[in-house]
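Enquirer: If you're matching them up, the sequences are chains A and B in order.
At position 182 of the first sequence the residue is numbered 182 (the working numbering), and the sequence of numbers has no breaks.
At position 96 of the second sequence the residue is numbered 96 (the working numbering), and the sequence of numbers has no breaks.
Note that these hints are calculated values from the structure, not bench results.
The structure presented is a predicted model; accordingly, all values stated were derived computationally and were not measured.
Every residue gets a Cβ at the ideal spot worked out from N, C-alpha and C, and that includes glycine.
Worth double-checking, as some hints may not be accurate.
Derived Cβ-Cβ restraints for the label pairs, each shown as a range [what the hints assert, rightly or not]: (1) B:C6 to A:F126: 40 to 48 Å; (2) B:A11 to A:N135: 39 to 47 Å; (3) B:A40 to A:L120: 34 to 42 Å; (4) B:A40 to A:H87: 52 to 60 Å; (5) A:F126 to B:T23: 47 to 55 Å; (6) B:G45 to A:V105: 51 to 59 Å; (7) B:A65 to A:N135: 26 to 34 Å.
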Amino acid sequence: MDRASDLQERVTNSQSAMKQSGQAASRKSVTATATGLAGVLTFFAALMSACVVRKGSPAADWQFLQLPPVFWLDTVILLGSAGALFHARKRFANGDREGFRHWWVVTGILGCFFVAGQLLAWRQLFHAGINLGANPSSSFLYLFTAAHAALALGGVVALLSAAFLSKQHLPSRSTTDAVTLYWHCTFALWIGIFLFFLLLR
Amino acid sequence: MKDRCCARSLATLTRILAVSAGTALPGALWAQSCALCYQAAASSGARFIEALRSGIIILIMAPVAICIGFAITAYRKRNLCADDDYSEVGSTMGIASEQISWTEQATCKSE
Numbered sequence: 001m002d003r004a005s006d007l008q009e010r011v012t013n014s015q016s017a018m019k020q021s022g023q024a025a026s027r028k029s030v031t032a033t034a035t036g037l038a039g040v041l042t043f044f045a046a047l048m049s050a051c052v053v054r055k056g057s058p059a060a061d062w063q064f065l066q067l068p069p070v071f072w073l074d075t076v077i078l079l080g081s082a083g084a085l086f087h088a089r090k091r092f093a094n095g096d097r098e099g100f101r102h103w104w105v106v107t108g109i110l111g112c113f114f115v116a117g118q119l120l121a122w123r124q125l126f127h128a129g130i131n132l133g134a135n136p137s138s139s140f141l142y143l144f145t146a147a148h149a150a151l152a153l154g155g156v157v158a159l160l161s162a163a164f165l166s167k168q169h170l171p172s173r174s175t176t177d178a179v180t181l182y183w184h185c186t187f188a189l190w191i192g193i194f195l196f197f198l199l200l201r
Numbered sequence: 001m002k003d004r005c006c007a008r009s010l011a012t013l014t015r016i017l018a019v020s021a022g023t024a025l026p027g028a029l030w031a032q033s034c035a036l037c038y039q040a041a042a043s044s045g046a047r048f049i050e051a052l053r054s055g056i057i058i059l060i061m062a063p064v065a066i067c068i069g070f071a072i073t074a075y076r077k078r079n080l081c082a083d084d085d086y087s088e089v090g091s092t093m094g095i096a097s098e099q100i101s102w103t104e105q106a107t108c109k110s111e
């Protein structure tokens, strides 16, 4: 009897240690992602600073751009993807594997739509005669949106690979935590860029 | 274990502060600036100077936000380092972190 209870206690202790070890791994991956995103944030801040200084330069060749209406749709799509990710995390916490996978894939697909929307916006701009070298303002707009689209594409790849490549179709907690942080930061960054261009007008 | 960890962190922090003070305090360093940039900015109009000021403020926002983020995270997780050590030891030995923590405390008390 003593031996059985000792064994039971050891199993419980081992499970507790494994859970704590998983939490520590999650913290490490989130810290690594946050450090990378801090670099990305600094890059976009430097671009914004350069944009503001160039706008006020003595050359006075800055032309104000009419932002493509697709950008509004892109914002709504990203908002929807953030909501879907919130639902996925909720399902993950409840242990609902199917529900989690469903909402996680929805987030990835909405991310694909966002990148497609960016391509559509560039197409509209190009057909309106606003190409990369037309004006400093258009150069900055292309640069910002291209850099952010690359960031979003990375998020989409991470989301979809986490959904399809993980064992038993359920990624680890450290993966979900890191990808969630990445995707929410991508969303926040897009809101920041969009507001910046709206205020710049 | 926890006290040793905190003492090590404090020693590292003191060293960083000492090096920072050593490099930042000499008054001669504060007088250094790029004369070319200064002249270019001063000879421009008020509009460009205003844009330059706005640009500097935007540029400083990201590092400040990162520093604040680090400070808040460090404050919120100030008691986690000892737990991490215990959990890693526990996962390799198959012993719960609470037991190791208790053993460590007992060892410290006996010392």
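Enquirer: Which earlier hints can't be squared with this structure?
Expert: 1 and 2
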